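Top to bottom, those sequences are chains A and B.
Counted from 1, the first sequence has number 10 at position 10 by this note's numbering; the numbering is strictly sequential.
So the number in this note's numbering is just where the residue sits in the second sequence, counting from 1, plus 276.
By construction, these hints were calculated from the structure, which means they are not laboratory data.
Among the hints, a few may not be true.
Stated by the list, open to error - Quick list of simulated restraints, FRET-style, between CB atoms:
hint: 1; chain 1: B; residue 1: Q280; chain 2: A; residue 2: A129; range: 17 to 25 Å
hint: 2; chain 1: B; residue 1: E414; chain 2: A; residue 2: D124; range: 51 to 59 Å
hint: 3; chain 1: A; residue 1: G74; chain 2: B; residue 2: G293; range: 49 to 57 Å
hint: 4; chain 1: A; residue 1: E3; chain 2: B; residue 2: A426; range: 34 to 42 Å
hint: 5; chain 1: A; residue 1: A167; chain 2: B; residue 2: T358; range: 27 to 35 Å
hint: 6; chain 1: B; residue 1: P377; chain 2: A; residue 2: S120; range: 36 to 44 Å
hint: 7; chain 1: A; residue 1: A150; chain 2: B; residue 2: G511; range: 31 to 39 Å
hint: 8; chain 1: A; residue 1: T85; chain 2: B; residue 2: G293; range: 23 to 31 Å
hint: 9; chain 1: B; residue 1: A424; chain 2: A; residue 2: T85; range: 49 to 57 Å
hint: 10; chain 1: B; residue 1: G446; chain 2: A; residue 2: E130; range: 40 to 48 Å
hint: 11; chain 1: A; residue 1: D124; chain 2: B; residue 2: G446; range: 21 to 29 Å
hint: 12; chain 1: A; residue 1: H158; chain 2: B; residue 2: E414; range: 36 to 44 Å
hint: 13; chain 1: A; residue 1: T85; chain 2: B; residue 2: Q280; range: 21 to 29 Å
hint: 14; chain 1: A; residue 1: D124; chain 2: B; residue 2: P408; range: 24 to 32 Å
Small disclaimer: the values here were computed from a predicted structure and weren't measured.
In this text, a Cβ means the ideal position worked out from N, Cα and C, and glycines have one as well.
2 protein chains.
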Amino acid sequence: MPEQSAFDRAIATHESGPHTRTGEFTDDWLIGHAVNGGVALAMAGSALAAELGGTGHPDPFVISAYYLAASSPGPVTVHTETVRTGRQVATGEVSLWQDGPEGEPVQKVRALATYGSLDSLPDDVRTAAEPPPMPGPEDCTKALDAPAEAIRGVNILHQLDLRIDPATAGWAVGRPSGRGQLRGWLRMPDGREPDPYLLLMAVDAMPPVAFDLGVTGWAPTVELTAHVRARPAPGWLQIVTSSRNLAGGFLEEDADVWDSTGRLVAQARQLARVPG
Amino acid sequence: MPEQSAFDRAIATHESGPHTRTGEFTDDWLIGHAVNGGVALAMAGSALAAELGGTGHPDPFVISAYYLAASSPGPVTVHTETVRTGRQVATGEVSLWQDGPEGEPVQKVRALATYGSLDSLPDDVRTAAEPPPMPGPEDCTKALDAPAEAIRGVNILHQLDLRIDPATAGWAVGRPSGRGQLRGWLRMPDGREPDPYLLLMAVDAMPPVAFDLGVTGWAPTVELTAHVRARPAPGWLQIVTSSRNLAGGFLEEDADVWDSTGRLVAQARQLARVPG
Chain A
1 MPEQSAFDRA IATHESGPHT RTGEFTDDWL IGHAVNGGVA LAMAGSALAA ELGGTGHPDP
61 FVISAYYLAA SSPGPVTVHT ETVRTGRQVA TGEVSLWQDG PEGEPVQKVR ALATYGSLDS
121 LPDDVRTAAE PPPMPGPEDC TKALDAPAEA IRGVNILHQL DLRIDPATAG WAVGRPSGRG
181 QLRGWLRMPD GREPDPYLLL MAVDAMPPVA FDLGVTGWAP TVELTAHVRA RPAPGWLQIV
241 TSSRNLAGGF LEEDADVWDS TGRLVAQARQ LARVPG
Chain B
277 MPEQSAFDRA IATHESGPHT RTGEFTDDWL IGHAVNGGVA LAMAGSALAA ELGGTGHPDP
337 FVISAYYLAA SSPGPVTVHT ETVRTGRQVA TGEVSLWQDG PEGEPVQKVR ALATYGSLDS
397 LPDDVRTAAE PPPMPGPEDC TKALDAPAEA IRGVNILHQL DLRIDPATAG WAVGRPSGRG
457 QLRGWLRMPD GREPDPYLLL MAVDAMPPVA FDLGVTGWAP TVELTAHVRA RPAPGWLQIV
517 TSSRNLAGGF LEEDADVWDS TGRLVAQARQ LARVPG
């Protein structure tokens with residue numbers, strides 16, 4: 001049996017009661033003091049797959065997560081619920097809880113999701129956003145090579161091979177483009193290949209697109225919805241994030257993810273709070 | 277007291293127990309045999325506002341609805357729950373239920389949403405997608421003037437003053453552009469001005485963008501998430517819907533809504549099933 005990858009360990013949960021599972025967040029996936037929202041989403045999605053496992057609908061098609069409070073390193077209790085099981089899809093709900101300062105349960109994330117079988121979908125691709133022209137991974141900037149002050153406390157970067165198109169990396173040296181777009185490549189350094197759960201992490205793995213708009217500081221996610229549209233092929237993932245609407249203290253951030261065959265495999269949109 | 281508008285009557289609910297409200301769907305908002313998903317979303321959002329009313333967070337900022345089964349004309353029972361109340365926002369859950377053929381309760385829609393106060397947001401607009409150049413309402417095609425066979429059973433059109441940019445209306449006469457974009461104008465014929473709930477309906481009021489890709493038949497929504505970004509000004513709403521990914525039997529459909537001052541007031545994305 002192959003050793004479990006770092007990512008699979010990070011999102012693993014184990015049944016601990018009826019519709020209840022437990023997992024653990026570690027320091028490794030922190031951005032500042034909060035566990036990366038994509039990792040929390042992948043844990044929630046994976047736990048809900050276990051809940052819905054008997055329904056014949058194994059894969060997340062769409063998941064909407066509401067981030068109620070920052071997730072911290074430590075144990076996580078996961079509650080799952082089957083909302084409806086249909087012929088083609090099943091819908092469930094999942095919540096992640098951690099102990100608060102007095103030991104009281106605090107809900108960190110609640111999500112709704114619809115699952116189906118990616119392998120049962122017809123293979124037609126009628127339209128698909130093309131991946132943008134950009135340099136290959138070897139000609140992009142490793143996120144870990146960014147100036148130390150730009151990535152201090154961004155522990156998650158040590159878990160990823162994340163590379164940023166230099167044309168969209170000016171913000172790291174004080175020259176944001178103002179266009180509101182970041183482009184990058186992602187793979188796992190331990191060779192863990194993409195699957196739907198890695199996609200759920202990938203849609204929130206890029207630096208905040210607000211950086212490219214000249215906004216500094218992390219932008220906490222209020223809500224994130226991801227569509228998984230196909231099972232990704234092995235290899236690099238290509239990610240483009242963009243925003244068209246930074247206003248009123250919030251911004252919308254879209255993420256598109258292509259696999260190594262150039263197929264659009266995930267689309268996500270989040271509403272994030274802009275640091276004051 | 278002014279007479280209640282048709283739209284307000286359609287989405288009204290009344291408290292009938294703890295965290296329980298009742299409403300009624302009528303024939304007026306049908307598309308084929310199903311009540312329009314935007315009307316169901318607006319009813320859910322309005323009911324959840326009542327649940328969260330005491331929290332000081334009156335307006336929907338983001339709502340994600342999962343459509344479990346088609347909503348039908350008849351009574352609706354609405355269950356609401358406060359998930360978390362914070363200083364700046366509150367998050368809640370809402371579900372719409374109707375009786376099934378044997379009188380058993382059937383869940384039709386479940387949604388999560390975060391509310392806040394639109395009026396308390398700072399007025400900064402750092403980026404904003406501009407409305408596209410298109411003819412004014414007077415030079416667009418009234419949806420009700422479409423060929424009879426194209427709008428048979430689309431009762432909702434009689435409740436709206438919906439006008440389609442002729443450049444994106446070719447599908448109505450068998451000539452879809454293949455670009456996957458529709459542009460239109462919306463206002464309520466009885467003068468009911470836009471507010472956040474009308475925006476929740478507006479993001480699902482246009483014909484399916486799949487029509488412009490040459491796909492006929494209605495595309496049932498699996499999930500729809502809407503961001504309300506500002507309180508809309510009185511007057512026409514300008515709506516653009518688009519899709520970049522029709523594949524595997526599903527399509528993503530994005531909707532952007534601008535108010536009469538040209539401000540982007542709502543953004544929405546849905547995952548819909550493509551008619552086989």
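Taking the hints in turn, this is what the structure says about them:
1. Our hint of 17 to 25 Å for Q280 (chain B) and A129 (chain A) is violated, since their Cβ atoms are close to 43 Å apart.
2. Between E414 (chain B) and D124 (chain A) the beta carbons are some 40 Å apart, a value that contradicts the proposed interval 51 to 59 Å.
3. For G74 (chain A) and G293 (chain B), the hinted distance range of 49 to 57 Å is not satisfied, since their beta carbons lie about 38 Å from each other.
4. Checking the proposed 34 to 42 Å range against E3 (chain A) and A426 (chain B) shows it is violated: the Cβ atoms sit about 59 Å from each other.
5. Between A167 (chain A) and T358 (chain B) the beta carbons are some 45 Å apart, a value that contradicts the proposed interval 27 to 35 Å.
6. The given range of 36 to 44 Å is broken by P377 (chain B) and S120 (chain A), whose C-beta atoms sit roughly 28 Å from each other.
7. Separation of A150 (chain A) from G511 (chain B) is about 44 Å and departs from the stated range, judged on CB atoms against 31 to 39 Å.
8. Between T85 (chain A) and G293 (chain B) the C-beta distance comes to about 27 Å, which sits within the given range of 23 to 31 Å.
9. A hinted range of 49 to 57 Å is violated for the C-beta pair A424 (chain B) and T85 (chain A), which are about 39 Å apart.
10. Remark: the range hint 40 to 48 Å for G446 (chain B) to E130 (chain A) is contradicted by a beta-carbon distance near 24 Å.
11. A C-beta distance of roughly 22 Å is found between D124 (chain A) and G446 (chain B), which places it inside the suggested range of 21 to 29 Å.
12. The hint said 36 to 44 Å for the Cβ distance between H158 (chain A) and E414 (chain B), and at roughly 59 Å that hint is violated.
13. For T85 (chain A) paired with Q280 (chain B), a C-beta distance near 39 Å fails the hint of 21 to 29 Å.
14. Remark: the range hint 24 to 32 Å for D124 (chain A) to P408 (chain B) is upheld by a beta-carbon distance near 29 Å.
Hints 1, 2, 3, 4, 5, 6, 7, 9, 10, 12 and 13, counting from the list given before, are not met by this structure.
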